[in-house]
Structure formats: structure tokens, C-alpha cells
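We have chain B already, so just place chain S on it with the hints.
2 protein chains.
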Amino acid sequence: MALVVHKYGGTSVGNLEKIREVAKKVVTAHNAGDHVVVVVSAMAGETDRLLKMAHQISSEPDQRELDLLLSSGERISASLLAMAIQSMGYRAISFTGRQVGIITDSFHFRARIRKITADRLKEAIENGITPVVAGFQGISEMGDVTTLGRGGSDITAVALASALKAERCIIYKDDVDGVYTADPSVVPDARRLSKISYEEMLEMASLGAKVLQSRSVEFAAKFGVPILVKPTFGKGEGTLVTMEDEEMEEVLVSGIILDKNQAKLTVVGVPDRPGIAAEIFGKIAEEGVNVDMIIQNVSERGLTDISFTVPKSDAKRGLRTTKKLVSKIGAHDVKLDENIAKVSIVGVGMRSHSGAAAKMFAALSKENINIIMISTSEIKISCVVDSKYAEIAVRALHNTFNLGK
Amino acid sequence: MALVVHKYGGTSVGNLEKIREVAKKVVTAHNAGDHVVVVVSAMAGETDRLLKMAHQISSEPDQRELDLLLSSGERISASLLAMAIQSMGYRAISFTGRQVGIITDSFHFRARIRKITADRLKEAIENGITPVVAGFQGISEMGDVTTLGRGGSDITAVALASALKAERCIIYKDDVDGVYTADPSVVPDARRLSKISYEEMLEMASLGAKVLQSRSVEFAAKFGVPILVKPTFGKGEGTLVTMEDEEMEEVLVSGIILDKNQAKLTVVGVPDRPGIAAEIFGKIAEEGVNVDMIIQNVSERGLTDISFTVPKSDAKRGLRTTKKLVSKIGAHDVKLDENIAKVSIVGVGMRSHSGAAAKMFAALSKENINIIMISTSEIKISCVVDSKYAEIAVRALHNTFNLGK
Numbered sequence: 001m002a003l004v005v006h007k008y009g010g011t012s013v014g015n016l017e018k019i020r021e022v023a024k025k026v027v028t029a030h031n032a033g034d035h036v037v038v039v040v041s042a043m044a045g046e047t048d049r050l051l052k053m054a055h056q057i058s059s060e061p062d063q064r065e066l067d068l069l070l071s072s073g074e075r076i077s078a079s080l081l082a083m084a085i086q087s088m089g090y091r092a093i094s095f096t097g098r099q100v101g102i103i104t105d106s107f108h109f110r111a112r113i114r115k116i117t118a119d120r121l122k123e124a125i126e127n128g129i130t131p132v133v134a135g136f137q138g139i140s141e142m143g144d145v146t147t148l149g150r151g152g153s154d155i156t157a158v159a160l161a162s163a164l165k166a167e168r169c170i171i172y173k174d175d176v177d178g179v180y181t182a183d184p185s186v187v188p189d190a191r192r193l194s195k196i197s198y199e200e201m202l203e204m205a206s207l208g209a210k211v212l213q214s215r216s217v218e219f220a221a222k223f224g225v226p227i228l229v230k231p232t233f234g235k236g237e238g239t240l241v242t243m244e245d246e247e248m249e250e251v252l253v254s255g256i257i258l259d260k261n262q263a264k265l266t267v268v269g270v271p272d273r274p275g276i277a278a279e280i281f282g283k284i285a286e287e288g289v290n291v292d293m294i295i296q297n298v299s300e301r302g303l304t305d306i307s308f309t310v311p312k313s314d315a316k317r318g319l320r321t322t323k324k325l326v327s328k329i330g331a332h333d334v335k336l337d338e339n340i341a342k343v344s345i346v347g348v349g350m351r352s353h354s355g356a357a358a359k360m361f362a363a364l365s366k367e368n369i370n371i372i373m374i375s376t377s378e379i380k381i382s383c384v385v386d387s388k389y390a391e392i393a394v395r396a397l398h399n400t401f402n403l404g405k
Numbered sequence: 001m002a003l004v005v006h007k008y009g010g011t012s013v014g015n016l017e018k019i020r021e022v023a024k025k026v027v028t029a030h031n032a033g034d035h036v037v038v039v040v041s042a043m044a045g046e047t048d049r050l051l052k053m054a055h056q057i058s059s060e061p062d063q064r065e066l067d068l069l070l071s072s073g074e075r076i077s078a079s080l081l082a083m084a085i086q087s088m089g090y091r092a093i094s095f096t097g098r099q100v101g102i103i104t105d106s107f108h109f110r111a112r113i114r115k116i117t118a119d120r121l122k123e124a125i126e127n128g129i130t131p132v133v134a135g136f137q138g139i140s141e142m143g144d145v146t147t148l149g150r151g152g153s154d155i156t157a158v159a160l161a162s163a164l165k166a167e168r169c170i171i172y173k174d175d176v177d178g179v180y181t182a183d184p185s186v187v188p189d190a191r192r193l194s195k196i197s198y199e200e201m202l203e204m205a206s207l208g209a210k211v212l213q214s215r216s217v218e219f220a221a222k223f224g225v226p227i228l229v230k231p232t233f234g235k236g237e238g239t240l241v242t243m244e245d246e247e248m249e250e251v252l253v254s255g256i257i258l259d260k261n262q263a264k265l266t267v268v269g270v271p272d273r274p275g276i277a278a279e280i281f282g283k284i285a286e287e288g289v290n291v292d293m294i295i296q297n298v299s300e301r302g303l304t305d306i307s308f309t310v311p312k313s314d315a316k317r318g319l320r321t322t323k324k325l326v327s328k329i330g331a332h333d334v335k336l337d338e339n340i341a342k343v344s345i346v347g348v349g350m351r352s353h354s355g356a357a358a359k360m361f362a363a364l365s366k367e368n369i370n371i372i373m374i375s376t377s378e379i380k381i382s383c384v385v386d387s388k389y390a391e392i393a394v395r396a397l398h399n400t401f402n403l404g405k
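Just so you know, the protein sequences line up as chains B and S, in that order.
When we follow this note's numbering, the leftmost residue of the first sequence carries the number 1, and every step to the right adds one.
When we follow this note's numbering, the leftmost residue of the second sequence carries the number 1, and every step to the right adds one.
These are computed hints drawn from the structure, not numbers from a lab.
Only a predicted model underlies this, so the values are computations on that prediction, with no experimental measurement involved.
One thing to keep in mind: the hints can contain errors.
Listed below are the simulated DSS-like cross-link pairs for lysine-lysine, each with C-alpha atoms no more than 27 Å apart in a straight line [as the list claims (entries may be wrong)]:
{"id": "1", "chain 1": "B", "residue 1": "Lys-52", "chain 2": "S", "residue 2": "Lys-25"}
{"id": "2", "chain 1": "S", "residue 1": "Lys-260", "chain 2": "B", "residue 2": "Lys-18"}
{"id": "3", "chain 1": "B", "residue 1": "Lys-366", "chain 2": "B", "residue 2": "Lys-405"}
Extracted from the complex, chain B is given alone in its bound form:
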């Protein structure tokens, strides 16, 4: 009798037919002897529908009000799924974030969980009733409804798995069937990983892999909750995200990540004196533009170029902000290059084995791909390249590190 948390995303409960299918999956697991706690997202499209109304009513809707509004979406899917399980002759009960005692801070729209009591959940489980919990939401200490930000339902699932000491948290995905060595649409022989460490998953998430949100992985790592990413309606075994083990360390590189959602800004002819970089990036941070990689070229005749990458969606804003600074700091110009891509290799094996960087650069060089920027961490190396070579780079690296089937 294992206690398992199932989490179903918005597309998995996107319509009534799918909700019925999910109910069948839950009942099957229940009949196989599991104690299942279900966490659901809002039906696909519902959150967008509510957000759109809010933005039509107000150009800047209050975040406390938004939280009450958006939390409705998960309440609707949770109650419908509980009804669907009941209509199959099984006992189920829906719970809101408040009812399972998810207490958060008061930072609306991006609240963090402070504690979880889960009393009613435990009671339901003891009585053989399947609880269906509305994901994404909690309640502040003053009794206001809060939401947990992007990927909030995953966080709910992981947090409940931790509070209940569940054997694992299964995150069902409707669009992918696990974590791959590379995007299969780019690399045809990309392989599903049966296991991956929290740390690798975190790097992959922050590098642009969309399988899991960083925050839920961080949470899982912190509390040691094993996450199994599995297809909702397909068959595959999925990928287990868990603690690093020796087997994982033997592999130099676990995956190749491609992020084409990047743009590069270069401030040309910057006087090479202290405080300039602080001034540029201070201003950019004030404007809420997310900077990823930064490089400063070698200074020539007292002038230098500073390049940095930002998400494409922030590019125009970043350009405007930087242009305003140009004359103030005595630089020549700012250039925007949107035709770049970031290619990264990730693997905990890099910690114990050297040579990954050299192997990566050699592979790109062999394909005549110029490396524009480089950044590294303990378990990853990222290279910015011309976007037209992005797919070639990914395939070459996938091959070089023997990641294929």
C-alpha cells in the first residue's frame, strides 16, 4: 500500500472526456492498492480566460484579486474530477488549498508555502477516500487566497508528497512522456532518460527545458521527494527525478538543451572604467529585464564591448533601456542580435570527469560553428551560437556524447 501523489496538468483535464479518463487512471491505481492523492490544474484555457477578463477590466489588476479569481479554475477541475471518480462508484472528495492547510506568505500571485497541515487529507486517506486537491493555491495567514506562481500545481503536488511522506509524486504530462537527452523534434534518435538527478533537472529547467518548473524541482530536491514524470494518456515508463547516484555520475553528459528564445545586446565602445557595468546592469534590473549571460571583450585603447543575453520577450525593452544609457556613460552604440541560440550540455558526471568542454568545443568547431559566448557551471556548459546552426549544433553534440538510442 504505497501513498502516491498524482498531479494532472491543464491539458490532461482539458475537457470532460479527459477528466473521465483521468478518473479511470486514478481508480486503476487505487484498485492496484495505492493510496492516491490527486492534485489538478485548471482545465486548459480556463486560467487564460479568467486572466483575459481581468486585463479587460483593469490595465493593472490587483494581485490579491487576481489570486481569488484564478484560484477558481482549479476548484472547478477538482470538484469535477471528484464527481467523475464518484460516478464510477468510488469514494472521492475535493479539497481547496485552504482545506488541506497549505499556508503561504502574503506575496500574492507568487506566494511561497510556509507550512502544510494536511489534516483533512490524512483523514480522507485513512478512510479510503481519494482526495482531489485544487493545485496552485494556498491561503495566507490572514485568510486570503494566494496562488503559487507559474508551475504552481506541480509545487502543490510536491509539497503535499513531502508533507504526507508519500513514496513518490507522479507528475503526469499530456505533451511529453518524460525527460529526453534532447528535444526529439530536433534530434530524431533522442532517448528518454529513465532517471535523472534533481540538479541536472534544475539546470535543464533553467536552460529552457519545459518538462518541469525549477521551483517544484527545487522543492523536491530540498525535501527528497522523488518525482516521476509520466505521460497521462500514453504508455511509457517516464523519467524519475531523484537523488544523484553513482550510476548517474558515470555518464559525462545527460542531455543537450536548446534555447532559441534568446537575444543578445552589445554595448559598443564602452569606456573601460570601474562602475560602468554596475550602472548598465543596475538600470536593466530596475526595468525588470532578465539578464542571462554577460561577457566583456578585451579592452582596446580604453574602450571595451559589453554583450549580454536576455529572453527575446525582453529584448526591445532591454534595447530601449540601454540606448538611454549610451550617451550618459560615453559609449558608442547598442546593437541587438536576435538570431542567436543557446546550446547547453548538462551532466553531473562533469564534476568527476574533465574534458567535457574541450569535447564540446571540438564538436562545434568540426561543424564550423562559431561560438559567440560561453558560460559554465559545475554541471553544465552553455554556448551561444548563430541560431541558424542551432539544430546542427544540438545533433552534433548529441552524437559526440553518445546520447543516442
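Only chain S this time, still in chain B's reference frame:
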């Protein structure tokens, strides 16, 4: 500085444009010096959309689950209206039933309010913030979301007005601009009443007038909350539902109510012996059929006819149930007549003045309208007539009791 509760129904907040209009009304009242507490229903169509999904998922959805599902509707409109008020530069805050401390019993789908704390409401009012409360919902002592049944948002509004000792509760209607002496579509010179007693309003509601639900009027009467029924977007002064005063007693009849949603069942040739009526109506009550009027004809040769009226929607079920009983009780047959209508006169003046019944019967007789059944209470007289004469009867009575403009 009067404290006033405003209640807006589903059609009044039926789309974003209307929500903005309602926000303007609230702000206007606020600027005129009122402390306004707003109660809203779900946007028109939303409750039906949710109910439809529930019934597609389950033939008999659990009522606790339904309550969680349906309560979302009012939360959505409350948060949107709060945002709309904020976007006009005023302070507003949305509250759920739980947040304003509406504690109910645990009879889901038709819960009754046990107590109201209203602490957060009082705090908001003291700080000059306009609270927008999601109507129709409360919370049971074990923390489950409950709903208050039909007309639930009106009950929320009246209950909050009582708890806050508000000067009045204004129930805004999008379809009518007050309580009329008769349905203006039947009687062209029907007049809006500026004032009506709780008791008359209760009779009218139970006789089929759709302006207010009986339960909210009962609640208002019990706690002495004056209700003003007013048009949401039109101009009129509306109708004040309040305690009976001398002025009201001087009027013999306040209004004529027509209910065409009636059917008559007659059990023919019933043996005239004790216990038969109990058997018939016991069985009918078991089947959940609502019986309104009952008459038993004079017995001839030990046999009698028993007629009773039921809502048209219950007629077929009532007929089936009664037919099953016919042979058991030794009756001859059951007949169903759907071509009837109930015409009623209502007025607190009937208590102190006699002669209303005689005047009513004479008026109908003058139009050659046959009276099929009669029932009376202290302040009303109802006659069942052939439905084809229903409108003629209403107009004749309206004229007889001088109710026109």
C-alpha cells in the same frame, strides 16, 4: 454616512461592460457619502455552465462537490467587480462567504446561515474600503464550502445587512424596476408600488411573483431589514419592502398575482372513508410532488372527488403516482387538467376590512368566469380559473380594486 448593502444579480454583472457599469453605480453611491457593501451573483450563464458540466460528468453529482464547483461563479464576479472599482481609482476588496464569516449548517446545496461574524467586512468599512462579497455561499463548521440554494445571493445580502445593522439592503434587478400591482405585460396600467409589507411580499413570492425569493424576504422580515428593490440600469425609485404601517392597512388589496404554472389533478370516485386523503397525499409527498391547493367535493352515495393543484413541472409525475393508487384505494379514475391558472389578490388591508372575497367573486362572475377552486389566507384570496380567462380575470380584478394609475 449611511451603511447600505447593494446586491447585483447575474444579469446585472452578465458581462465585463455591465460589471464596469455596476462599478460606476457603487462609486457614485460611495461618493454621495454611503458606506457601500456589495454582494454579487455569478455572471449570468456561469452557474448554468458549471451545472451542465457537473451533470455531464455524473448523473447525480454529489452536493458537497457541486457546492465547491458552483461557488466559483460568485468568486469570479466578486473579484472582477473589485478590480473594476479599483481601476476607477477607488479602494475595494473582494471577499468569499468564508472570509466574511458566513457560517452555515452542513446541508449542501440548500444550507442555512447559522451565524455571521463579518469582522473583515467591518474592518474594511472602517478603513473606507468598499467590500465586494461573493453571494450565495458560506462555509460549514467543518470548513466545507456550502451554497444557500435558490436566491442565495439575496439571502447573503439581507443577512449581511442584518449583521452590519445596515440602513437598508438594495436589491438591484436587471429585469424589473420594482414590485407592481400586477404584471405590466398583462395589465397595461399596472402601477409600481412604492412600498409593500414583508407579509404581502412573502405571499406574492409564494404565489409566483418572481421579484424576490421567499427565503430572503422571510429573513428580512425576521430581522427587520428594509429591502429596496430597484432597477440596476434604469432610473425608477423602486419598491421598499418593509414593516407594515397604517398607510398600508388602508389599502384593501395591494396586488394581483397570476400563476399559469399550475395543473389540476382530480381523483374521481374516491370512497368517502377516513384515511384515504392521508394515503393519497402521503404517497405524493414521498415522490416530492409539491401540492398547493386541495379541495374535496361533497360526497354523493359514499363517493367523493378530490382535486388538488401542483406545479406544471410536477404534473406528469403526480399523475403517475396517483394512477398507481387508484385501484388500491378503490377510486374510479384520475384526471389531469393543465389548462388552469391561479389568480390571487393580496393585501394586508384584508385583515381589517371585510368584503374582499365577495368583491372578487362578483368581479369574476360579471366576466362570466367560473371559479374552479378557492383558497384563502389572512391576507390573500386565490381562485383557480380556466387558463383562457386568466388575463381577463387579472384585468377585471385590477380594475375592481382600483389599482390602476
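Each hint tested on the structure:
{"no.": "1", "hint": "B/Lys-52 - S/Lys-25", "verdict": "24 Å, holds"}
{"no.": "2", "hint": "S/Lys-260 - B/Lys-18", "verdict": "43 Å, violated"}
{"no.": "3", "hint": "B/Lys-366 - B/Lys-405", "verdict": "23 Å, holds"}
Checked against the numbered hints given earlier, the structure breaks only hint 2 and satisfies all the rest.
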